[in-house]
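In the order they appear, the protein sequences are chains A and Z.
Everything in the first sequence is counted per my numbering, starting at 675 for the first residue and increasing by one.
Everything in the second sequence is counted per my numbering, starting at 2 for the first residue and increasing by one.
A few of these clues could be false.
With the C-beta cut set under 7 Å, the calculated list includes, among others, these residues of chain Z facing chain A [unchecked claim]:
id, residue
1, 19
2, 55
3, 62
4, 68
I should point out that these hints are in silico values taken from the structure, not numbers from a laboratory.
What you are looking at is a predicted structure, and each value in this text was computed from that prediction instead of being measured.
Backbone N, C-alpha and C define an ideal beta-carbon position, used for all residues, glycine too.
Here is how the chains run, residue by residue.
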Amino acid sequence: MLALKERNNQAFGFLYDNYAGALYSIIKQIITDNSELASDVLQEVFINIWRKIETYDQTKGRLFTWMLNIARNASIDMLRSKGYQNSQKNQELPDNVYKGVSNQTTQQNVDNIGLKKVLEKLKPEHRVLVELAYFKGFTHEEIAEMMAIPLGTVKTRIRNALLQLREYLK
Amino acid sequence: MNLKDYIESGIIESYVMGLASESERAEFEQLCTQHPELVAARRKFEESIESYAFEQAIPTPPEVKGKIFEAIGNSSARSTTSLNPPKIDTMENSKTPVRSLGLLRFVAAASVVLLIGMVWLYFQTKEQNTVLVKENDGLKIDRDTAKSRLDRIVQEQKQVVGDPNTTVVNMVGTKVAPKSSANIYWDSASTNVYLVVKNMPKLPNDQQYQLWALIDGKPSDLGVFDATDSRVILKMKNTKKAQAFAITIEKHGGSPSPTLEKMQSLGKTLQSQ
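Can you make the complete structure from the sequences, with help from the hints?
Here it is as C-alpha cells:
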C-alpha cells in the first residue's frame, strides 16, 4: 500500500495484473455492447487509480471496493456520453420502435456474467431497480419518477434486493 | 439506534456498492468510527463482493497495460517540469556596486526579505494552481452530468420502445381537441403501459389529464398525468386488455369514471378489430 502511495511503478504493475480482470468484468457488465469503449474505460480507470491513490482512505473500505467504485463510475459516465452521440439519431422516437431487436441478442450474452448472473435470482421487480441503480447509474429519485413508484418504495426495494444479493454471494 | 437493525437494513450493501446517498454515506462513516462490529460487517460484505468479482474476472485486452504505463509516465514527467522553482539571483550575481558596509548590510537584509517573499509567493501560486485544477475538474464533472441527463431520458425511451413485444397505439385528437396527440406503448408480455405526450395543451393547476383503457365497453383508470411531461416516457398502470385508450380532462388527482364530453384523445388497439 505504501509503495503504491509513493507511486511505485512496480507495485502499480502488480496491482494491474491482480485486479484488472475483475474490474474489466464489471466494466463490461455496464458497457455491454462495445469492447473498444470498455477497454478505453479500463485504461482510464487505472490512470485514475494512479492519480488518486493518495485519496484512498483505508478506514472507509477495502482497496478493491474503492477501485470497483471508480470502475463503475467511469463506466456509467462512458455509457452516458455514448448515449449522447447516439441521441442525435434517435430524436424521432417512433422510427426506433422495431430497431432494438438486433441489439438484444448481444445483450443477452453479457447478462450471464458477473453480478448480473446473481441478479437473475432476484424477483423481477427487484432486479429492474438494482439494474437501473447499479448498472445504469440512475439515482433513487430518478427511478421513482421513471417507474412512477414512491421514493420510499424504491429505497426499501433496492435495500431488500441488496440484502438478498448478500445472501447469494456468501 | 439499534445497531443490529441498522446492520440488517441494507445500508452496508448500499454503501459498499456506491448506491448510498451523500447523507447516508456520511452517517455510515461516522457510525463506523464508533462501532467496530459495523466495520466488521462491512468488511465481510466487501470480501464476498471481492472474491466473487475475482471468480468472475475476465481476460483484459493485452495492449491496455502498456498504454496505461505510457500515460502515467508522461503525466509524471509533465508535472515535474512545471514545479521548477523560480530562479533567484544571489549576491554574487548582482552587479550593484558596493559602496559601504552599511549599504552592504542593507542590501543583504533586503535580499533576504525578497527571497522569503518570493518563496512565499511561489508556494502561494502553487496552492492556487492546485485549487484551480480541482475547480476545473469539478466543472468538468458538472458538465458531463448535465450532458448525460438528457441522454439518460433518451436511452430510457429507447429501452421501452425498442422491445419487440411493444405495440404502439397512436392517440389522435377528438373534435373537442383536434390537436391533442400522444402515443401509447403497450407491452403485451409484461402488460406495462407507457405514455408519451406529443402535444397536449397545458391545463389549469386544479385539473389533470387521465388515461383510460376501454375494456369491453367499460373504462378502466390507468392513472393521471400533466401536459408538462411532454416527450418523457410516463409509466401508467398496467392492463392486460384494452380495445382502445382514451384521455380525458379530470379534476386534479383523477376521477373514478371518465367525463366523456371532455375526451381529448382516442386510440384503438388491434384487440378492437
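Taking the hints in turn, this is what the structure says about them:
1. 19: Holds, because the Cβ-Cβ distance from residue 19 of chain Z to chain A comes to roughly 4 Å (cut-off 7 Å).
2. 55: This interface hint holds because 5 Å falls under the 7 Å limit.
3. 62: Status holds, d = 4 Å.
4. 68: Check passed: Cβ of residue 68 of chain Z comes within 5 Å of chain A, closer than 7 Å.
When each numbered hint is compared with the structure, no violation occurs for any of them.
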